[in-house]
Each structure stands twice: as structure tokens, then as C-alpha cells.
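Asks: Sequence:
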Amino acid sequence: MRKPYVLLLSLTGLFLGLTTTPAHAADNGSWSVYPVASKIAARPYFYLSADPGQTLTDKVAVANKTGKPLTFRLYAADAYNTARDGGFAVRTLKERMRAVGAWAKPARSRITVPGHKTVSVPFTLRVPEGAEPGDHPGAIVALDERVAPGSGTFALGVRQAVGARVYLRVSGPTLPALSVEQVHIGHHQPLVPGIGDSTATISYTLHNTGNVTLDPKVELKARGLFGRTLLDRDLTRIPSELLPGQRVRLSETWHGAPQLDWGDITLTASAQGTRQSASASFFALPWLLAGLVFVAGVVTGVVLVRARRGRARRSAPVRRSPRAAPTPSRPRSSPSARR
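Residue numbers for the sequence shown, in mature numbering (1 follows the signal peptide of the UniProt record, and there is no 0): -25 to -1, 1 to 314.
Treat the hints as calculated values from the structure; they're not laboratory data. Just so you know, not all the hints are guaranteed correct.
[Said to hold, decoys possible] Cross-link-like lysine-lysine pairs, in silico, DSS-like; alpha carbons within 27 angstroms at most:
1. LYS40 / LYS14
2. LYS14 / LYS69
3. LYS80 / LYS40
Assemble the whole structure, with the sequences as input and the hints as a guide.
Replies: Following this line, the structure appears as C-alpha cells:
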């Protein structure tokens, strides 16, 4: 019986831009991909700007760090933010491309790089006439055509890819815009009040509604009953780059959240040229206390209903029974009549 086979694409090094030689080349230890150095200096990424309808040309370098030849599939891809943590990622070869992935084309789609050698490949980027202004991030990707076999019940095949980032800006009006959406808070209370820690999980969505890449900052504030400040801090688990049109679902843990309080939380997201806030209310109540309040409410309700029914019985008017009709008496006969 053949084992089920799954192909997994690993874009190693594409997300981090590890600092190696050359500077900031995307690297997975076996090969690296980076822009060919300009006459002035080495470039960490491709920073390009163009007008609608303009054609650009550049070169990408693929360096083989192993002692054996490696064969790669070269392609251009659009970039996006991962839903899990907002990391920089690119579309796979089979996905539909709309920007850099559709506009850029390497001169060679397949290359073989000898061991410990580097191959440079030109590529052309044609910006269409109707291209929207703003940022269009992507990458030039070198995909290893080898498939590493897996083991176990499921044979997990892995293909690795490394890409050099492309930051393209199409000239025209730019609009930085950021929104905070779907704010929710969930409490995790100890069963017995005062015994154990209380935490809360605050989840929200950051949405880049503009056309430029943003470096967002998020501030969290929590206020309790009567406006008391419970929490005021800047969040750190925020993507450093929120790409245009992308939304990321994030969460923050609030340790030491109140066990008994009523208030609201406010998240304020800001970036250069934009600032937006959103709020959500919360009511913190320990489970045991909530259960006791519920039971007390049910008992009180039952007692009140019974008392009301008892008063209703006592105050109801007593109906008089109807008087019995008198029985007609028969006339007594006289002695003379009996004779």
C-alpha cells in the first residue's frame, strides 16, 4: 500500500533576510539570493520605483554554498503577510499573481549553479499602464527542484525556496491608512476568587486599508469602573511591515487581569500619517461567584413567585353558595276529609 504523499514548500530565509555576505542576502545555509551589487554599494533588497507603463531591468544573484551543483526554478512572486504572525511571505508558483509576480520575468526560468559558485540572472519588470499607485511588494524566488522525502505514515516531501525581496513603488498619490477591527476580550478566571491568577486574552485585527507599506505601533489601554486605569502599555508582537491591503489577526495576553470589574479596553494603532482606535467592553466576574449569583437569583425568583401566589389566594373573594330553594309543604288533610 502506497503512503499518502504531501508536498510542503519551505520558503526558508525569505522571511528574515539574514545578515550574511553579501549584506542581508536571503539565506538558508545551502544557497542565498540577493540583488547584484550596484556601482555604489551592495543592496539588501530590490528598492525600485516606476511610473505606470515603465519597464525596469535588474539582476538577481543566486549563490550555491554547497559542494554539489544545484538546479533552481526562478520566478517572481507577490508578497503578503502571514495570518499567524504577520511575517513577510510570498505566493507559490501555482498561485495567481497580480503585481510584481505578474509584471517581473527572469531571463531564465531554470538555472544550475555549480558548487561554491554564483550565477547572475537579469530580469525585466514591466509596470502596466493601469497600475495602481503605491507599494507593490514581492520577491524573486529561487526554488530548489529537488524534493526531500519524508518518513512515517505520511510521506512529507519538502521543497525549499529562498527569495530576494522586491519593494516596488508605482508613482502617484499615496494614502497611508490603518484600521483596528474585531476587538474581543476573553477572561480566564480562577474557580475560587482570590486563589490563582486571572488572565485575559485580547484579540484584534490590524488592517492596512491604504496603498503603502506601514510600520504600525499599537497601544493598549484598559480602564475599570469609575475610569480607573488598569493597563497602559505598548504592544511588541506587531509585524514590522504591514503590506497594503493586508490584514493580520493578533492577540495579546493580559496577566493579572481584574477578577471583579467592569470597564473597557482601547487599542490605538498608529503609523506615519495615520492613527485609528477601537474599543470593547468587559465584565469580569469569577465563575464561582457568578454561579452563586445565578443560584441566588433562581431561589429568589422561586420564593417571590410562591409568595405572590399565596397572597393571591388569601386576597381572592369567597363566593357565597347559592341558597337552596324552599321545599313546598303538602297541605295536611283534616279528619273530615279522611272520612
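Asks: Give a verdict on every hint.
Replies: Do the hints match the structure? See the list:
| no. | hint | verdict |
| --- | --- | --- |
| 1 | LYS40 / LYS14 | holds, 25 angstroms |
| 2 | LYS14 / LYS69 | violated, 35 angstroms |
| 3 | LYS80 / LYS40 | holds, 25 angstroms |
Violated hint: 2 only; the structure is consistent with all others.
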